[in-house]
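Colleague: Sequence:
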Amino acid sequence: MSLFARYGPADPFKVYISADMEGVAGIVDRSQVDPAGAEYALGRRLMTAEVNAAIEGAFAAGAAEVLVSDSHWNKRNLLWEWLDPRARIISGGGRTLGMMEGIDASFAAAIFLGYHTREGHPKGVLGHTWDHVKVAELELNGRIAGEGMLNAAIAGHFGVPVVLTTGDRWANEELAEVLGEVGMAHVKEGLNPLGADSLVPARAVQLIRERATAVLGNRERYRPFRLEAPVTLEVRFQEIAFADAAEQSHPAVTRVDPETVRYQGSDVIDVFGAFAGMFQ
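The opening position of the sequence shown corresponds to residue 0 in numbering that gives the first Met the number 0, with each subsequent residue numbered one higher.
Quick caveat, the hints were computed from the structure, so don't treat them as lab data.
Some clues are possibly wrong.
Dumping the calculated DMTMM-like pairs for lysine to aspartate or glutamate here, alpha-carbon to alpha-carbon at most 20 Å [unchecked claim]:
1. 133 x 219
2. 122 x 103
3. 122 x 188
4. 74 x 33
5. 74 x 28
6. 13 x 83
7. 133 x 227
8. 13 x 219
9. 122 x 28
10. 122 x 172
11. 13 x 64
12. 74 x 130
13. 13 x 55
Simulated restraints on C-beta separations [to be verified]:
14. 240 x 209: 26 to 34 Å
15. 193 x 229: 34 to 42 Å
16. 255 x 101: 45 to 53 Å
17. 209 x 276: 34 to 42 Å
Cβ atoms here follow ideal geometry from the backbone N, Cα and C, with glycine treated the same way.
Please work from the sequences and hints to get the whole structure.
Modeller: Take a look at the structure:
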């Protein structure tokens, strides 16, 4: 049996952190999250500080190892010289599991940091689903899904529960509707897609650190989220041309209507591969 098998709260355990940027405290505008944006340098600093808080909270709870997936945009956002040296970081592209690259059954828990609402939420700050230009709506097994639900299902495929989600209040509550029991750290509350009532960074960092330690100390209460197989994916695109391209991306992708395509796979990993292929 692996050294990191889950025996109980006192035993060594591994924590996986998937870190996005739109849900970070103080982030309200695309100029802060786009690498070409005028305030992107600020966004990187704020994101790195919150990631460090989650890392610190995990080690305070007794984690033996923490792996962070830099999961925003080009996957090269975190400021390496500022990061907690105890953690390992997955950075850059060429991924097979997207925002969940590196997850496997050896992890006891996953944390989703800086997450945002799905496309179309009236108050979700910078809400979108995968690609804000192309995707109007995503469904998994008939249920409208955001990035959080998709990523939770990938974690669940490996038997890993999501124990904490941090970000916009509306994003946290959206994911809680899917997962049932999950720890939450509301670092801001969206007023509209481009405005929020936010904690200042120092308070957000403190909250994330405290919540990470608390939920990981009780991690046995959380359960993995799994999608029943076979898994059916439907993607409604913003334009017919995007659906045209998606239909040509895989022989098993079928057309539902002018803007929508469908793919049925053996499991969520299969489905994710087909979904990601629609954007290549």
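Colleague: Could you run down the list of hints and mark each one as holding or not?
Modeller: To see whether the hints hold, each was checked on the structure:
1. 133 x 219: 38 Å, violated
2. 122 x 103: 34 Å, violated
3. 122 x 188: 8 Å, holds
4. 74 x 33: Holds, at roughly 12 Å.
5. 74 x 28: 19 Å, holds
6. 13 x 83: The given pair, whose Cα atoms are some 16 Å apart, holds under the 20 Å limit.
7. 133 x 227: Violated, at roughly 27 Å.
8. 13 x 219: It holds: about 13 Å lies between the C-alpha atoms, which stays within 20 Å.
9. 122 x 28: 13 Å, holds
10. 122 x 172: 12 Å, holds
11. 13 x 64: 5 Å, holds
12. 74 x 130: 14 Å, holds
13. 13 x 55: The hint holds at about 13 Å.
14. 240 x 209: 26 to 34 Å: 47 Å, violated
15. 193 x 229: 34 to 42 Å: Holds - the Cβ-Cβ distance for residue 193 and residue 229, about 39 Å, lies within 34 to 42 Å.
16. 255 x 101: 45 to 53 Å: Check failed, 33 Å falls outside 45 to 53 Å.
17. 209 x 276: 34 to 42 Å: 40 Å, holds
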